[in-house]
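In case you want the letters, here they are:
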Amino acid sequence: MHGLKKVVAAAVAAALVPAFAAAQEAPPLKIGVVSFLSGAAAGPFGVPARNAAEIMVEMLNAAKVPAPYATKGFGGAALQMQLVDEAGPATTQVTEFRNLVQRDNVDVVIGYISSGNCLAIAPVAEELKKLTVFFDCGTPRIFEEKSYKYVFRTASTATMDSVGAALYVMDMKKGKINSIAGVNQNYAWGQDSWSDFEASMKKLAPGVKVGTSQMPKLFAGQYNAEISTILAAKADVVHSSFWDGDLEAFILQAGPRGLFKRSTVVLTTGETAMYKLAEHIPDGVVIGARGPYGPYAPDSELNRWFSKTFEDRYNVPPNYAAYQMAQAILGTKAAWEKAQAANGGKRPDTDQVIAAFERLTFDSPGGRIEMAIGAGHQAITETVYGVSKKVKGKMTVANVKRYPASAVNPPDGVKAADWIAGGFKK
Amino acid sequence: MSAGRAPFTLALILVVILAVGPFAPQWTLFLLTIALAKGLVVLGLMLLLRCGLVSFGQALYYCIGAYAAGMLGRYFGMSDLFTLMLAGMAASALAALVLGFLLARYRGIFFGLLSLALSMILYGLLVKTEALGSSDGFHVLPSTLFGVRPADAWVRYAVLAVAAVVAVIVALLVHRYLDTPLGKLAPAIKDNEIRVEYMGASARYAIHVKYVIAAALAGLGGALAATTVGHVDPEMAYWTTSGEFIFITILAGTGSVIAPFLGALIFGIIQTVAFGISPNTWQMVLGTSLLVVIVFLPHGLWSLFRRRKAA
Amino acid sequence: MSVEQLLAVLIDGIIYSAWLFVAAVGLTLIYGVMKIVNVTHGSFYALGAYAAASITGALLARGMPPSLSYAVLLGSALLVTLVVAPLIERGILRFMYAKDEVVILLITYALFLILEDAIKLIWGVSPYFIAQPYGLLGSFDVLDLTYPYYNLILVGVAILCGGGLAWMLNHTRTGKLLVAVIHDTEVSRAMGINVERMYLFTFTFGSMLAAVGGAFTAPTVSVVPGLGVEVIVLSFAVVVIGGLGSLPGAALGAVIVGLVRSATIHYLPQVELFVIYLVMAMVLAFRPRGLFSLAEARKI
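Heads up: the protein sequence lines correspond to chains A, B and C, in order. Residue 308 in our numbering is what sits at position 321 of the first sequence, and the numbering runs on without skipping anything. Adding 1 to a residue's 1-based position in the second sequence gives its number in our numbering. Adding 75 to a residue's 1-based position in the third sequence gives its number in our numbering.
For reference, chain A alone in the conformation it holds in the complex (with noise of 0.2 angstroms):
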């Protein structure tokens, strides 16, 4: 039994350790990044995020990312990045994060893919006054509910990716639309983006009738009862807000039964599954990737470096996920040396990386990023779709439409709801 007390013992240590180990340690910049790492969300967003990061922390330490990133690290001073897996209730990571604060002493925290984290780890970075950046999560509720002094979000909200959407098919289709029919995932992310898209379309094509709105359970896996009621609904356009396993089940099961056929799909996240499922998705398939990454991205040489290492080191092209953490992380970084130039090329603190970063303008791999919205703490962004093309048997978009940022995001102080339901009042 002596054994096992040592063991316990030692376990208590080693919790306690990194507290005073990180005291001795001054001058590199030490970033808690959090996502997925285990569970559903891992593969297809956390994994890939994870990638993107370790790219970035490296590149950057070595300076070796292309202009206007070029100098090292954060300001010259290197990063040190410290990772911790996403899963689990919020209590589990509302803990997480303190410890990353408050034992781990990081100086940023640059996660959180799920909106319900995000929603929780808010207040917390607020009373800890730790400088926190979200770089995916979808939910506009974040600052629509409260104002956050500590907070930034870097990604456009999941309002942008219905709207997006709306407007694409209306385009598509030329106004011609007379039904519509959805099939979203039972969570907060499902039911937000298909009552986003509902509103949006009730507003552009008044008098459409929705044929029927499903809502499976999160990880269902089994939807022949969905694609009939889908199937008999016979809409014009049907929305589906699906990731991951979930998305590409749903595509595997939809297309033998012809769905792809019968109803012009719209897969607003279409785009983590569409290499992977190539030979599954037919033409004519409207593909999302939350705002102008991965095939959308904008031809730049940033991005051409950044997809390039991507797929040197792990083989494939970086999805949106991996492009958002890169943003996070670009935007983090030209925050904090905008705040050093300020402050006579000195290491800022929190308030003056704050004072910078608010309603900032930066590049990122996937093009020009305004900190627009949420009193200058949310980012928004142009949103493009388009269409799957197999060009001889690799897959492509075509008919890609770009739709700028002020057309597809409501403007600073107005809930996202408000603006759809007013008719996209700029």
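Among the clues, some could well be false.
Listed below are the simulated DSSO-like cross-link pairs for lysine-lysine, each with C-alpha atoms no more than 27 angstroms apart in a straight line [said to hold, decoys possible]:
| # | chain 1 | residue 1 | chain 2 | residue 2 |
| --- | --- | --- | --- | --- |
| 1 | A | K248 | A | K136 |
| 2 | A | K17 | A | K160 |
| 3 | A | K413 | A | K189 |
| 4 | A | K388 | A | K136 |
| 5 | C | K174 | B | K185 |
| 6 | A | K160 | A | K190 |
| 7 | A | K133 | A | K377 |
| 8 | A | K189 | B | K129 |
| 9 | A | K325 | A | K51 |
| 10 | A | K133 | B | K129 |
| 11 | A | K161 | A | K190 |
| 12 | A | K402 | A | K413 |
| 13 | B | K129 | A | K402 |
| 14 | A | K163 | A | K133 |
| 15 | B | K129 | A | K204 |
| 16 | B | K191 | C | K174 |
| 17 | B | K129 | A | K190 |
| 18 | A | K189 | A | K204 |
| 19 | A | K402 | A | K412 |
| 20 | A | K161 | A | K17 |
| 21 | A | K295 | A | K248 |
| 22 | B | K191 | C | K110 |
| 23 | A | K402 | A | K189 |
| 24 | A | K116 | A | K59 |
| 25 | A | K379 | A | K295 |
| 26 | A | K196 | B | K129 |
| 27 | A | K388 | A | K196 |
It is worth saying that the hints were derived from the structure and are not from the lab.
Knowing the structure of chain A, use the given hints to seat chains B and C on it.
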């Protein structure tokens, strides 16, 4: 440790927490408060386990308590820690009083699985309720004490201190309850229910009472967790949450009212260490440590302490 | 409520029931014989899916005729269970049988956590696809709706599993010994039945059924981490509704859940999320031990 010493030990632990708290790093205060919240839930599970019942759905009451506390803040602006804890406790106890008429008839695996079904129904209902934030949940107001919000540097300590005082009082009450005739019925019910009935006692009544107490404790823990974490979401009712509580119950052992809190703390430490040292394979670390405890300490972590006393 | 829609409800329900039954039936067998609520059931489902997807995929890439893929799916599920299940039963579980039902449940939970990460370490987090077998057989039309024939294979697998299991229990020596163990372990031991061997056999066989379920689901889904988690609670629900340890119960449970879920999706999609648990709670409220429960002697 003999059962009679528990009150002294509890008092000693309380004094140590109150005395050392101001000098401890902030993150340990949080870890400890969460451990107390979970410990309260586990204390209730221990009561049930003593009569052979395992609830795979205790998260139901944890979640009810948490949402009761959160909704008081969301709709009525209340943030007083004591009010919220009382409300969480009352809401859960009330729900358990009603559901207890059904559940007190069940034994063994069926008791567990019916509890599981009920908690999953609550989970489903909450996910469908967009007014309460659906699966994302909602923010819980920062706790205040008697209308005052403690200064940022002290708020963790204040909440921990309140939690520790409450937990110790509750643990003492449970400790006394175990000494009452109703409390002593538990092992008898576990061994042979029919003999209990021959004795003239009602096993169903005894189980109903314990069920309500366990739910009240879970509600209290849920409310405390909600104000400490600052957020509630439906995952608090999901079966994995119940699983974690059972995990801690078995880890701790049923030797003493102190064991649940110790178990919850050790669990918290194992989990955070696992997250820290192997972010990619922490589940493996967690699973292995559970196996090790079950194999080498069949009566839970608590037996470590008991054996030392015997030696 | 048109005829077409009712037909669709029926077909969708049967397909889902077949899937549920194959996924859950091993759980009821293991519970019946060993009185273990086996959480690793989900791990074996996932292992079966991963083994099937990776082995079949690799062979197809090396030019195997696609028609052979059904046999390979089955073969890989059997292979992976024959390696892992005896290892777990002999290596760990057999030392635990004296413990409480709950403690054993937790042991399987711990093993499930370990296997989750082990699967991740072996196969990584990227999804595996093996969709060829799904589309290979073509599809048939029912009125306005198209269904791939593969769904019929799934129904066939379910009938084979259920029928085969029933035949084995009633007509083979091993099966009859198992029935004896199900009814009373101690008496069986006294009668000279090698209960340990029965346990090893049951655990392997029950897990194999889970793996087969996973393997034949693999062509219709993307095989990703966390695949097994969802199956655990769903299988519990099915098996509990039917009565733990009862084979006809598991079949009936699967059919009830399958049809109720399908009807819900067609007529009342809002409640799909918890309808299974609602059914489970209602069944337990009126039949506290499930629909086909074995009578249990009261110990005095």
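Going through the hints against the structure:
1. A:K248 - A:K136: The given pair, whose Cα atoms are some 49 angstroms apart, is violated under the 27 angstroms limit.
2. A:K17 - A:K160: Status violated; Cα separation ~50 angstroms.
3. A:K413 - A:K189: holds, 18 angstroms
4. A:K388 - A:K136: The hint is violated at about 35 angstroms.
5. C:K174 - B:K185: holds, 23 angstroms
6. A:K160 - A:K190: With a Cα-Cα distance of about 16 angstroms, the restraint between K160 of chain A and K190 of chain A holds, given a limit of 27 angstroms.
7. A:K133 - A:K377: Violated - the C-alpha atoms of K377 of chain A and K133 of chain A are around 45 angstroms apart, more than 27 angstroms.
8. A:K189 - B:K129: holds, 23 angstroms
9. A:K325 - A:K51: holds, 19 angstroms
10. A:K133 - B:K129: holds, 23 angstroms
11. A:K161 - A:K190: holds, 15 angstroms
12. A:K402 - A:K413: Between K402 of chain A and K413 of chain A the Cα gap is close to 12 angstroms, so the pair holds against 27 angstroms.
13. B:K129 - A:K402: holds, 22 angstroms
14. A:K163 - A:K133: Roughly 39 angstroms between the alpha carbons, so the hint for K163 of chain A and K133 of chain A is violated.
15. B:K129 - A:K204: With a Cα-Cα distance of about 11 angstroms, the restraint between K129 of chain B and K204 of chain A holds, given a limit of 27 angstroms.
16. B:K191 - C:K174: holds, 15 angstroms
17. B:K129 - A:K190: Between K129 of chain B and K190 of chain A the Cα gap is close to 25 angstroms, so the pair holds against 27 angstroms.
18. A:K189 - A:K204: holds, 26 angstroms
19. A:K402 - A:K412: Holds, at roughly 12 angstroms.
20. A:K161 - A:K17: violated, 51 angstroms
21. A:K295 - A:K248: violated, 35 angstroms
22. B:K191 - C:K110: Satisfied, since the Cα-Cα distance of roughly 18 angstroms is no more than 27 angstroms.
23. A:K402 - A:K189: holds, 18 angstroms
24. A:K116 - A:K59: Measuring from Cα to Cα gives roughly 26 angstroms; hence the hint holds.
25. A:K379 - A:K295: holds, 22 angstroms
26. A:K196 - B:K129: holds, 23 angstroms
27. A:K388 - A:K196: holds, 25 angstroms
Of the numbered hints listed earlier, those contradicted by the structure are 1, 2, 4, 7, 14, 20, 21.
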